[in-house]
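> In case you want the letters, here they are:
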Amino acid sequence: MTAGTTITAVRIASDSPEIGQRMHSLVSELYPICRSITGNGLRETLRRVGQRIPLQIHEVATGTLVYDWTVPREWNIQDAWVKNSRGERVIDFQKSNLHVVNYSVPVRKTLSLRELKQHLYTHSGQPDWTPYRTSYYRETWGFCISQRQLDALPEDEYEVVIDSSLEDGHLSYGELLLPGESPEEILISTHCCHPSLCNDNLSGIAVACFLAQALASKPHRYSYRFLFIPGTIGSITWLSRNEHVVPRIKHGLVLACVGDRGGFSYKKSRRGNAEIDRAVQHLLMHSGETHSVRDFSPYGFDERQYCSPGFNLPVGCLNRTSHGEFSEYHTSADDLDFVSAEALEGTLQNCLEIFDLLENNRRYCNLNPKCEPQLGKRGLYREFGGQVDAQARELAMLWVLNLSDGQNSLLDIAERSGLRFDAIQKAAASLKDHGLLRLAEN
Amino acid sequence: MTAGTTITAVRIASDSPEIGQRMHSLVSELYPICRSITGNGLRETLRRVGQRIPLQIHEVATGTLVYDWTVPREWNIQDAWVKNSRGERVIDFQKSNLHVVNYSVPVRKTLSLRELKQHLYTHSGQPDWTPYRTSYYRETWGFCISQRQLDALPEDEYEVVIDSSLEDGHLSYGELLLPGESPEEILISTHCCHPSLCNDNLSGIAVACFLAQALASKPHRYSYRFLFIPGTIGSITWLSRNEHVVPRIKHGLVLACVGDRGGFSYKKSRRGNAEIDRAVQHLLMHSGETHSVRDFSPYGFDERQYCSPGFNLPVGCLNRTSHGEFSEYHTSADDLDFVSAEALEGTLQNCLEIFDLLENNRRYCNLNPKCEPQLGKRGLYREFGGQVDAQARELAMLWVLNLSDGQNSLLDIAERSGLRFDAIQKAAASLKDHGLLRLAEN
Amino acid sequence: MTAGTTITAVRIASDSPEIGQRMHSLVSELYPICRSITGNGLRETLRRVGQRIPLQIHEVATGTLVYDWTVPREWNIQDAWVKNSRGERVIDFQKSNLHVVNYSVPVRKTLSLRELKQHLYTHSGQPDWTPYRTSYYRETWGFCISQRQLDALPEDEYEVVIDSSLEDGHLSYGELLLPGESPEEILISTHCCHPSLCNDNLSGIAVACFLAQALASKPHRYSYRFLFIPGTIGSITWLSRNEHVVPRIKHGLVLACVGDRGGFSYKKSRRGNAEIDRAVQHLLMHSGETHSVRDFSPYGFDERQYCSPGFNLPVGCLNRTSHGEFSEYHTSADDLDFVSAEALEGTLQNCLEIFDLLENNRRYCNLNPKCEPQLGKRGLYREFGGQVDAQARELAMLWVLNLSDGQNSLLDIAERSGLRFDAIQKAAASLKDHGLLRLAEN
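Residue numbers (our numbering), protein chains in the order written: chain A, 1 to 442; chain B, 1 to 442; chain C, 1 to 442.
These are calculated hints, taken from the structure and not from any lab test.
Since the model is a prediction, treat every value here as computed from it, not as a measurement.
A portion of the hints provided could be inaccurate.
Said to hold, decoys possible - Sample of chain A residues with no beta-carbon within 10 Å of chain B, all distances over it, derived: (1) R52; (2) P54; (3) V66; (4) D68; (5) R89; (6) H119; (7) L239; (8) E289; (9) P298; (10) P309; (11) G310; (12) H330.
Said to hold, decoys possible - Within a straight-line C-alpha distance of at most 27 Å, the following computed DSS-like cross-link-like pairs (lysine-lysine) qualify: (13) C:K377 to A:K370; (14) A:K83 to A:K95; (15) C:K95 to B:K250; (16) C:K432 to C:K377; (17) B:K250 to B:K218; (18) A:K109 to A:K95; (19) B:K370 to A:K250; (20) C:K426 to C:K218.
Claimed, not checked - Residues on chain A that point at chain B, a partial pick, calculated with CB under 7 Å: (21) Y67; (22) W69; (23) Y137; (24) W141; (25) I236; (26) Q305; (27) S308.
Even glycine gets a Cβ: it sits at the ideal position worked out from N, Cα and C.
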């Protein structure tokens, strides 16, 4: 494999303007489905992703012990409403699945307004938004509505129906391994357990799906493992069933909230200076775009599990606007308008650049370590077009030669020189083609 | 021992407003005594401290070799004066012991003003202040007066008497060991060799005395060793007689100038990143009060000896306004008004918090290192009152779980998380109570 | 050898105002000679330097393989001109050797203005300056003139003559080893391959020559090796013939562009924190003068070869205004006025201080490591004149005693204390004289 050739073709292909649109279409297709951490909504979501990439669907039985946790009962819901005394649906699951507290137990009652209000949740800050609530581990029920809806409810007798079931069944997750030249893996994990929320969960599903498509048709050094899982319980379940895989994971990314119009935000792995951490930082720094890099904290998405002390995997988390920093988070305003085709495509490109860097981040040995080799006699000295460009290329070659002692990776060289990784990588490829470098042994 | 319970009770007790007053009373009681590096003034000071805590008084004979030094002759003084030709005491030791150069040899002479002036010392900057001078290792004599006193002295014949003695005797120091669960020790050292100076020496004596009282009645993990010693020669003497103790000293504090109204100033040990250094910095940083932290330098108090290269003990020095930064230093203005009950009490509290941190700074092992344990089923998830408070407690628990791999101490976790040590400590205690943590082996 | 005495005498001697003038005279003497990377101009330059210091001249035959390079043919030139149809020399090598592209092959032709212009080079920015151009590794010819000269050339038939030769011969370089007490070496390397350019090459030659003179007559711990070499090919040739010497090189400086009136600029070795790097930084920082310190990059002078990964020698590069930052670089404006006697002398002094620091940068063992020794009984405590001065000296002694555990060098102590190296060195000398320190074993 020649340095710099693996994923570049894909990167160019994905420049096509339609890819963002296709990702947004997938988001739109999945939007109405009522997902949860178990059940048919999650299963249907995985089935539709599986129409695009050869996803393997796993079903883990209720009651299975997964470390300190137990796979919960399966939740399914057909319909739910609150009707007033005139039989009108004043709260209607058919209009938005956010109206039902996720994992609500079945209920069929008639209640006064006062009694009903004990089970109604609103968003304090935004009178028109419906909040998203769950109750996975406590058996209860409830409805979520906007403050304006609540305020408009008159005294009345209300018929309350939640036609749900909470029964032994399975937890579902999807997995796809794209084998590479090496058994060493890059893990991409995204959660799929939220109902009609676009940035939070659907954006990650769409980007992960199209990343898998892009990588599937190309040779690559690393093997790529994609996980489409319910948050927390899903990564815990996967880890408990795949401890033998864990040592092969060399880098990993959790994708979440990657479709909004904000700049990228990267949260480092627990290790803090893993190759994935340095790779993402390098690319964001040289991107010239607003971004932020945060230290690891044990609060967030599934990186909490991958970075637990018993695993301590080099897995970071890529977001655009980070959760907790956009007010639409976990509300009905995280809708189809909140995510854009351009943002989804930008995330896809960014991920491909990250993987491209990791694929090409090799260590080389300068075959003429004593003094510089004579670049001129090989046509490598000012052979290129413009002067400024030529000087930059020479400088990149001199850096690669000077630091290629078998210890420094190309990313080490990029960091120390202050040059972009792709310039360093091109220089290394050119020097290798001219017999001046060889790949270092591991 | 449960984390977090050892010294907390003491800390609450010492919140009583009178403790500062009681320390100030001890300062007042000791103020008139004419201390020096040897002699009855020092001995009497130790005796009075010994009325409050079970101090062991050591007497080391003149001429004893202590490393490169020799225990000096014992200095005692009954009276001293300069009388004018009318028999009036124009300089009078009875009014202030600062008027005699400490360690002055006996003298009984009649001198002209010109001759007398060879032996008079004033303070250049402050015309009303009497400076404090010593001459331990050169046999001479002298008087210290204010510039205004000096200017007012007329031509006359002056009778000069210093009724002192410099004879073989002993160097005295006080020592108290409060045994803890472990033979590992925390050293608290304070100098007691200055005459009527309050911030410089009496404040340290008072705080050390009341610290010993507070710790004596409580269980503690560490053993605590208190030294009340003459500066320099005292710590050298102690070290030379206690080399077998030195390996047990895990942390240490020199207390000096801790009674003035300034913010805290901490000087790090020679090691620069010892646990005591990090503990004090953590507490000062989170105190929200003005403070300063300085790197070690070999100029200061007895930490010079403890941090000499042959020992290199983790001993820092706690001051309020550091010496050399308050103009009252080594003058008559370092008097009873210069130190306050509130400042003394604040220092006591700060020391107790430092020791509390050290006592509780353990390393733990997360007993569920693979993925997070399920906090909810143990009532640890949002079980607490207010949301914000609950979230902060959860975050502290997640940090403790994530970093408790047996390597990180609670202080490490506090530093990395940016949370306060006490929040981390409480989280660890709660997790340990729920069987989720165990103390790490050493 | 007593610390601090080795080069001090030289330093004082070189304070004489004439040394700068004598260096400038050497620059003037060498200025007219047409040097190149081989040939009689280089040889004559080495001969004249050899009149001042006992330089050994090496001749390496054309065709000799030196790593990836081959010693080129020898270039010599007698005369060159462009005459117009009236027989007037409109471009004349006799007026300035910069007019001929260095390493031009022989030519004897008659050309039209259009044809001639294919071989004329000017300086884009400065209409009155002649640029300096070379063509070492491509057989061609050309003339360099000012833009104003070019613009004034009328249509005409021009006789073009370059009376040069490019034939098998030798590459010359000069070498001088001043043996010291130790076989460990300090390398001083300067390039001598540029024709009439003063700051770029002649300033380095002059400073290196006078440094060798200054060091020759004095005892020193290190051996000093001076190299006067053509750039790039010279250092490559020397390294390829002296691999057995390389392990002895403990420190090194490339001298280049050290005669202009700008402040010092130091480029660190590839190691980045070598003793030479720290020494130069320490002195520049305490000099109180404007200066800059740059990280290593593989672009510059012969440090590129010394710092190639197969050698990785601790060799930095000392400049005044760095190349590329003065517009006179590689033009006729880098002339005798551009360099000053004062600047040359300042560089000489700076180099002597650097070597003085390296010579005296020893590690000592405190012979009383447990507690401080009693300075007073040895007359080391406030024995000196002024108070402030005495306090500074005491502080330096205390630092040396505290950190002299056999691990810290005097430069380590200077860096940690913030004191000047010479103050630390004097303190160490005084303590050693009083039997309180001994030199550490290696």
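> All the hints need checking, so say for each whether the structure fits it.
Here is how each hint holds up against the structure:
For R52 (chain A), the requirement that its beta carbon stay farther than 10 Å from each beta carbon of chain B is met, with the minimum near 30 Å. A cut-off of 10 Å between C-beta atoms confirms that P54 (chain A) is not in contact with chain B; the least separation is 28 Å. In this structure V66 (chain A) is not separated from chain B by more than 10 Å, as the shortest Cβ-Cβ distance comes to only about 8 Å. A beta-carbon of chain B comes within 10 Å of the beta-carbon of D68 (chain A); the shortest separation is about 4 Å.
Once the 10 Å rule is applied to beta carbons, R89 (chain A) is consistent with being away from chain B; the minimum gap is 32 Å. With a least CB separation of 18 Å from chain B, H119 (chain A) remains clear of the 10 Å interface cut-off, as annotated. Consistency note on L239 (chain A): stated as away from chain B, yet its beta-carbon is not over 10 Å from all of that chain's, at 6 Å minimum. Every CB of chain B lies more than 10 Å from the CB of E289 (chain A), the least distance being 27 Å, so the non-interface label holds.
Under the 10 Å C-beta cut-off, the non-interface status given to P298 (chain A) relative to chain B is violated; the minimum distance is some 4 Å. With 10 Å as the threshold on Cβ separation, the claim that P309 (chain A) sits away from chain B is violated: the shortest Cβ distance comes to roughly 4 Å. Not every C-beta of chain B lies more than 10 Å from that of G310 (chain A), the closest at about 3 Å, which undercuts listing it as non-interface. In this structure H330 (chain A) is separated from chain B by more than 10 Å, as the shortest Cβ-Cβ distance comes to about 15 Å.
Among the hinted pairs, K377 (chain C) with K370 (chain A) is inconsistent with the structure: their alpha-carbon atoms are about 57 Å apart, more than 27 Å. Under the criterion of a C-alpha separation no larger than 27 Å, the hint pairing K83 (chain A) with K95 (chain A) is consistent with the structure, at around 14 Å. For the suggested pair K95 (chain C) and K250 (chain B), the alpha carbons sit about 79 Å apart, so the restraint of at most 27 Å is broken. Under the criterion of a C-alpha separation no larger than 27 Å, the hint pairing K432 (chain C) with K377 (chain C) is consistent with the structure, at around 15 Å.
Of the pairs offered as hints, the one joining K250 (chain B) and K218 (chain B) holds, with about 20 Å between alpha carbons and a cut-off of 27 Å not exceeded. Under the criterion of a C-alpha separation no larger than 27 Å, the hint pairing K109 (chain A) with K95 (chain A) is consistent with the structure, at around 21 Å. With a CA separation close to 18 Å, the supplied pair K370 (chain B) and K250 (chain A) stays within the 27 Å bound. Among the hinted pairs, K426 (chain C) with K218 (chain C) is consistent with the structure: their alpha-carbon atoms are about 20 Å apart, no more than 27 Å.
Residue-level restraint check for Y67 (chain A) holds (minimum Cβ-Cβ distance to chain B is 5 Å; threshold 7 Å). Taken as an interface hint, W69 (chain A) checks out: its beta carbon lies about 5 Å from the nearest beta carbon of chain B, inside 7 Å. About 5 Å separates the beta-carbon of Y137 (chain A) from the nearest beta-carbon of chain B, less than 7 Å, and the hint is met. Evaluation of the W141 (chain A) hint against chain B yields a violated restraint, the C-beta minimum of about 18 Å exceeding 7 Å.
Taken as an interface hint, I236 (chain A) checks out: its beta carbon lies about 5 Å from the nearest beta carbon of chain B, inside 7 Å. Interface restraint check for Q305 (chain A): the shortest CB-CB distance to chain B comes to about 5 Å, inside 7 Å, so the restraint holds. With a least beta-carbon distance of about 5 Å to chain B, the hint placing S308 (chain A) at the interface is held under the 7 Å criterion.
Violated hints, in rising order: 3, 4, 7, 9, 10, 11, 13, 15, 24; the structure is consistent with all others.
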